[in-house]
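The chain contents come next:
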Amino acid sequence: MADLLGVGVLFAAVAVATLVAVWLNKSVIPFYIVFGMALSPSVAGQLSVAGYALPVVESSEFVELGAELGIVFLLFFLGLEFNLDRLLERWGRITRAGTIDLAVNFGAGLALGFALFRDPLAAFLIAGIVYISSSAIITKSLIDLGWIANDEADPLLGTLVFEDLVIAVYLTIAAALVAGGSDLGAAATSVGVALSFIVGLLLLARYGTPWFERALQTNSNEFTVIRAVGITVLISGVALAIGVSEAVAAFFVGMAFASTSHTHKLENLLEPVRDTFAAVFFFWIGVETDPRLFAGVAGLVAAAVVVTAPTKLLSGYLGGRAYDLPPRRSMRVGLGMVTRGEFSLIIAAVALTGAGTSLSVELANAVYSFTVAYVLVMSILGTMLMQYSAPFEEFATARFGTE
Amino acid sequence: MDVTESDLPGVGKKHEVDIGGGQQLVVVTHNTGTRELYLKESADADSEKLVELSDRMARMVGTILEGAYFQPVESNHVETMLSEGTLLEWYAVEDDSPLVGETLAGADIGQRTGVTVVAIQRGDDVIAAPTSDVEIEAGDTVVVIGERDNCEQFEKLLAGDL
Chain D
3 MADLLGVGVL FAAVAVATLV AVWLNKSVIP FYIVFGMALS PSVAGQLSVA GYALPVVESS
63 EFVELGAELG IVFLLFFLGL EFNLDRLLER WGRITRAGTI DLAVNFGAGL ALGFALFRDP
123 LAAFLIAGIV YISSSAIITK SLIDLGWIAN DEADPLLGTL VFEDLVIAVY LTIAAALVAG
183 GSDLGAAATS VGVALSFIVG LLLLARYGTP WFERALQTNS NEFTVIRAVG ITVLISGVAL
243 AIGVSEAVAA FFVGMAFAST SHTHKLENLL EPVRDTFAAV FFFWIGVETD PRLFAGVAGL
303 VAAAVVVTAP TKLLSGYLGG RAYDLPPRRS MRVGLGMVTR GEFSLIIAAV ALTGAGTSLS
363 VELANAVYSF TVAYVLVMSI LGTMLMQYSA PFEEFATARF GTE
Chain H
26 MDVTESDLPG VGKKHEVDIG GGQQLVVVTH NTGTRELYLK ESADADSEKL VELSDRMARM
86 VGTILEGAYF QPVESNHVET MLSEGTLLEW YAVEDDSPLV GETLAGADIG QRTGVTVVAI
146 QRGDDVIAAP TSDVEIEAGD TVVVIGERDN CEQFEKLLAG DL
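Top line first, the protein sequences correspond to chains D and H. For what it's worth, our numbering labels the leading residue of the first sequence as 3, then goes sequentially. For what it's worth, our numbering labels the leading residue of the second sequence as 26, then goes sequentially.
Quick caveat, the hints were computed from the structure, so don't treat them as lab data. Just so it is clear, the structure is predicted and the values come from calculations on it, not from any experiment.
Within a straight-line C-alpha distance of at most 25 Å, the following computed DSS-like cross-link-like pairs (lysine-lysine) qualify:
#	chain 1	residue 1	chain 2	residue 2
1	H	Lys-38	H	Lys-74
2	D	Lys-142	D	Lys-267
3	H	Lys-38	D	Lys-142
4	D	Lys-28	H	Lys-74
5	H	Lys-38	D	Lys-267
6	H	Lys-74	D	Lys-142
7	D	Lys-28	D	Lys-142
Quick list of simulated restraints, FRET-style, between CB atoms:
#	chain 1	residue 1	chain 2	residue 2	range
8	D	Glu-91	H	Ala-70	24 to 30 Å
9	H	Gly-58	D	Ile-228	21 to 27 Å
10	H	Glu-91	D	Gly-94	34 to 40 Å
11	D	Thr-97	H	Asp-43	27 to 33 Å
12	D	Ala-243	H	Ser-79	40 to 46 Å
13	D	Trp-25	H	Ala-93	39 to 45 Å
14	H	Ser-79	D	Asn-27	18 to 24 Å
Listed next, the stretches of chain H that the computed footprint assigns to chain D, with coverage defined by at least 3 CB atoms under 8 Å from CB atoms of chain D:
#	segment
15	31-39
16	57-70
A virtual CB, placed ideally from N, CA and C, is assigned to each residue, including glycine.
Taking the hints into account, I'd like the entire structure generated from these sequences.
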């Protein structure tokens with residue numbers, strides 16, 4: 003069903019997912035994925051009601067491209083909101099909390115990934131997947147719970163920003179390693195190409211501000227949107243064509259626009275574009291997932307949850323302490339960081355591109371199904387931990403005191 | 026007065042204002058323009074959400090707090106001091122005002138009161154620098170410039186007391 007009807011079913015399904023999310027008062031991202039799974043050939047395709055086949059959304063070219071655009075706009079927004087100058091102002095605390103977070107979780111991820119999959123590349127991918135928390139879900143929960151006005155918001159958002167910067171570098175290397183295959187020379191070449199491309203983009207972001215400023219100089223909202231999308235998607239497309247992560251390219255284009263005077267306008271105008279394609283991306287993740295494979299990875303997911311929920315709790319707690327917060331609030335930082343989401347899925351999508359080359363098809367699929375199941379569990383667990391934080395806070399106060 | 030501003034990446038900005046007695050007012054301004062108002066009873070207390078306002082609503086409430094919309098003095102019109110003694114004032118024309126139906130020339134406002142009509146607001150329209158043949162209608166808001174005494178004269182004329 004690659005026709006308009008198929009796309010209509012897709013958008014109607016994600017629209018219904020938003021209704022369900024509002025009704026249950028939960029983050030919508032897991033519902034996009036679950037709805038995608040429900041309408042995928044591996045679920046809806048197997049069922050029929052009273053002799054009629056259920057509508058199935060197959061992974062058509064439109065859905066895949068839409069998902070790709072979702073990744074591009076998600077990362078573009080990260081770059082857009084990434085103000086390097088303001089970050090540098092508070093560099094000390096952010097790096098302390100961020101480094102603890104990176105060392106504890108990436109380290110645990112590497113060990114866990116190797117223990118589970120016995121493959122260095124898979125371990126590297128798993129490390130990224132369990133390291134990166136979900137900016138989208140965590141920020142939304144912060145606002146919903148009113149924590150955004152509290153002191154714990156600072157280390158939480160600061161650490162997320164640090165993670166975003168790390169993930170931009172990480173994705174470059176991961177995409178190049180997956181594309182480069184097991185041949186060490188080829189991998190080194192693709193990492194080299196990717197890094198030079200990134201350096202080029204960095205220079206463009208640093209010195210191209212006047213050009214970006216002029217490019218968007220217009221009174222028409224229409225022209226602003228079109229030009230911004232034109233520049234972003236073109237550069238991302240070029241990146242992908244030469245084997246560099248399109249997400250990273252979009253991140254740097256966002257950063258380039260962030261130093262112009264159009265940032266605020268772009269945020270307002272492009273948010274609906276991002277949200278539309280991000281929904282397609284999450285839905286596509288669902289469509290690509292065969293929930294029957296979950297049974298095979300259930301043990302791995304359980305092991306990952308048992309290891310990586312406490313590691314985030316620990317690193318978040320220490321991060322909060324690095325911001326001089328009392329134990330109770332530091333505990334909240336820990337609870338807040340547990341949620342994993344969109345970036346883990348982006349890494350999983352990268353893993354899938356290596357199926358049959360750098361990763362065996364079986365391994366790529368296992369990493370992919372693992373990630374989807376893991377994100378579903380962690381997004382629900384993480385938001386629940388934030389919602390019911392009281393006993394954890396009492397524990398922290400009782401154990402570590404109030405100062 | 027102690028105001029702390031901080032960035033909320035991906036959300037917007039946060040302003041914390043000490044309002045005395047250890048209490049803090051926290052204003053979260055979202056990138057979308059929505060403002061959330063929180064109250065913190067003490068520095069280490071949790072924020073309690075008071076209200077959420079749209080961009081437009083927040084601006085209106087802001088103007089009220091600023092005192093620009095409404096001033097707690099006995100005056101049923103808005104007044105702005107241009108310089109010592111000279112005012113720019115807004116007057117609403119009531120249905121029963123004797124000026125309703127008169128043209129500016131016919132009412133001879135300048136001669137009788139000393140003020141100059143600089144604009145007439147009619148519904149959503151503003152007639153800037155109205156010519157002498159513009160007719161005053163009930164519901165108009167007349168904007169005048171003049172000395173304080175002259176403005177008081179005009180207010181009387183408008184109410185039919187002159």
